[in-house]
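Produce the complete structure using the sequences and hints provided.
Residue numbers (the numbering used here), protein chains in the order written: chain W, 1 to 266; chain U, 1 to 341.
In case anyone wonders, no lab produced these hints; they're calculated from the structure.
Note that the Cβ used here is the ideal one computed from N, Cα and C, for glycine as well.
Each hint should be verified, as a subset may be incorrect.
Restraint-style ranges between C-beta atoms, simulated for each label pair [what the hints assert, rightly or not]:
# : chain 1 : residue 1 : chain 2 : residue 2 : range
1 : U       : E55       : W       : R80       : 52 to 62 Å
2 : U       : V328      : W       : D26       : 18 to 28 Å
3 : U       : R278      : W       : Q11       : 49 to 59 Å
As a plain string of letters, each chain reads:
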Amino acid sequence: MTTTHQLSAEQITLAYGDRIVVESLDLAIAPGKITVIVGANGCGKSTLLRALARLIPPRDGRVMLDGQSLQHQPSREVARTLGLLPQRPVAPEGIAVADLVGRGRHPHQRMLARWSARDYEAVADALAATGISDLEDRSVDELSGGQQQRVWIAMALAQETDILLLDEPTTFLDVAHQIEVLDLLTDLNRKRGTTIVMVLHDLNLAARYADELVAVLDGRIRAIGGPDEVITEALVKEVFGLDNRVIADPLSGKPLVLPSGRHHVL
Amino acid sequence: MSAATLIAGRTARLRQRALLTGGLAAAVLVVFVVSLMVGQTFYGLDKVVRVILGETVPGASFTVGELRLPRASLGLVTGICFGIAGVTFQTMLRNPLASPDIIGISSGASAAAVIGIVVFKLSETAVSFVALIAALVTAATIYLLANRRGFAGTRLILIGIGVAAMLDSVVTYVLSRAASWDLQMAMQWLTGSLNGATWSSVAPVAIACAVLVPVLLLNERHLSVLRFGDDSAAALGVHVQRTRILLIVAAVALLAFATAAAGPIAFVAFMAGPIAARIVGPGASLAIPSGLIGALLVLVADLAGQFLFENRYPVGVITGVLGAPYLVYLLIRSNRSGGSI
Numbered sequence: 001m002t003t004t005h006q007l008s009a010e011q012i013t014l015a016y017g018d019r020i021v022v023e024s025l026d027l028a029i030a031p032g033k034i035t036v037i038v039g040a041n042g043c044g045k046s047t048l049l050r051a052l053a054r055l056i057p058p059r060d061g062r063v064m065l066d067g068q069s070l071q072h073q074p075s076r077e078v079a080r081t082l083g084l085l086p087q088r089p090v091a092p093e094g095i096a097v098a099d100l101v102g103r104g105r106h107p108h109q110r111m112l113a114r115w116s117a118r119d120y121e122a123v124a125d126a127l128a129a130t131g132i133s134d135l136e137d138r139s140v141d142e143l144s145g146g147q148q149q150r151v152w153i154a155m156a157l158a159q160e161t162d163i164l165l166l167d168e169p170t171t172f173l174d175v176a177h178q179i180e181v182l183d184l185l186t187d188l189n190r191k192r193g194t195t196i197v198m199v200l201h202d203l204n205l206a207a208r209y210a211d212e213l214v215a216v217l218d219g220r221i222r223a224i225g226g227p228d229e230v231i232t233e234a235l236v237k238e239v240f241g242l243d244n245r246v247i248a249d250p251l252s253g254k255p256l257v258l259p260s261g262r263h264h265v266l
Numbered sequence: 001m002s003a004a005t006l007i008a009g010r011t012a013r014l015r016q017r018a019l020l021t022g023g024l025a026a027a028v029l030v031v032f033v034v035s036l037m038v039g040q041t042f043y044g045l046d047k048v049v050r051v052i053l054g055e056t057v058p059g060a061s062f063t064v065g066e067l068r069l070p071r072a073s074l075g076l077v078t079g080i081c082f083g084i085a086g087v088t089f090q091t092m093l094r095n096p097l098a099s100p101d102i103i104g105i106s107s108g109a110s111a112a113a114v115i116g117i118v119v120f121k122l123s124e125t126a127v128s129f130v131a132l133i134a135a136l137v138t139a140a141t142i143y144l145l146a147n148r149r150g151f152a153g154t155r156l157i158l159i160g161i162g163v164a165a166m167l168d169s170v171v172t173y174v175l176s177r178a179a180s181w182d183l184q185m186a187m188q189w190l191t192g193s194l195n196g197a198t199w200s201s202v203a204p205v206a207i208a209c210a211v212l213v214p215v216l217l218l219n220e221r222h223l224s225v226l227r228f229g230d231d232s233a234a235a236l237g238v239h240v241q242r243t244r245i246l247l248i249v250a251a252v253a254l255l256a257f258a259t260a261a262a263g264p265i266a267f268v269a270f271m272a273g274p275i276a277a278r279i280v281g282p283g284a285s286l287a288i289p290s291g292l293i294g295a296l297l298v299l300v301a302d303l304a305g306q307f308l309f310e311n312r313y314p315v316g317v318i319t320g321v322l323g324a325p326y327l328v329y330l331l332i333r334s335n336r337s338g339g340s341i
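If you want it as structure tokens, here you go:
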């Protein structure tokens, strides 16, 4: 993984039927960085991520990968550069961990070809990186939620893409497992140089783990930049409609948002 | 952990599946040969083999060569067709209820066939052709109805069950107005039967098998990824829509050819996949094991229907008796666990 790939959206408009969700949006993903997309429910952040993963074709404009429109590149080749962990993937009942992770090799394999030595190595690396090597022959549906999420991430790792998109990878996980997943993704970014783009709900985790934050409001990018620039009291109020205070996180030095509701506030 | 451990684990799993699949194939062969041997006159293995090799054996050449062999061959190929078509649907839609005989595709073939026989007095060949077209049209209709505002497997199943109920009532209505001499032939289209099997009825199904089964096997790789959900499959480089349509057309055509030759042998498509999953393990590729289970079900049920009871029953009655309780069991179970194949 020496090359860095460029992923960007140029003036894209995204819609479900007649309902326009994202309009004329420009976004260049910083190569080799962790980009986190935040915003209120229904603001279009997941839709934007799905468009970047080419799951929905833009109504207007285009998503570019290395200077070429994503829609015009062969699926298999895109799948070797661009990986995606959707919000709720489905594990077939009874499938073994190694077999599921092995499906990540799909875009690298030819019809009827057996697994190559490279395939086995990639799967073994992915299992090791996610710390689930000892679960290799266990059935996925017997595992806990945190372990299952690691299995899915391992599948995305086995795909060996330079860019990895994740839609809310920490949903349904307790706080310890959330941190574990985000640390794992940071390792991946630092060690392999993988470009990571993810949607996160938790603003404070987003501020801590992002190199670049993208705040989406009503289908447009309201602010983009480092967490220090983006997370301000005024912006959080505008994007989430929430009164708040922003202080420096004593652990990370990054901004920490303290929501201010109607109750229990001095 | 190293790649070596992985290779060992995966090789062991693959070997075990290959052994179990080989066992199934052996069982199919045994039942096939037994069904050539038994009947009103028993012929020993040596005579049966000689007939198959083309020698003339007095008595056996006609009974085995002209009656039992076409019948058993039809059972074999239709069983394979039903099994593979069923498991393809069930895997793609991630639901054991999604088999084509539950979601109305077989009912489409039956309704067209019964109308063809009773109303238009069509010949046998024409009826088969009409049934084939009707199965494809029914599948396309259900797919298009389910595909509005994005594809959803559950919606397809529910729409399919509704379509099946409508078509079944059409069949009942037409039969109630049928002349009694048409009833005999029309009944075959309700339960499925191997009676009157000839080489000319086996040939189209065998050809369909030879063409379509490889198509499905070549796409099984994509099918196994489609099970993770459309988004994951697309992210892994699969053309979701294109692959799904290809799989549906191939599976429906298999089912339609088999139905045209033997009628909709009840519940074989529905039962074969889950039984195969139980035997070879659910994470495995299921097309070949399901085809073998389908063949086994049809052949054993036909033997039972012919010789186990005082009266002779068509094969579909036996599989229907087996399948109905299984459907109820599956509904109860899926209520609890959301079940998948």
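Now the hints, each set against the structure:
no.: 1; hint: U/E55 - W/R80: 52 to 62 Å; result: 58 Å, holds
no.: 2; hint: U/V328 - W/D26: 18 to 28 Å; result: 57 Å, violated
no.: 3; hint: U/R278 - W/Q11: 49 to 59 Å; result: 53 Å, holds
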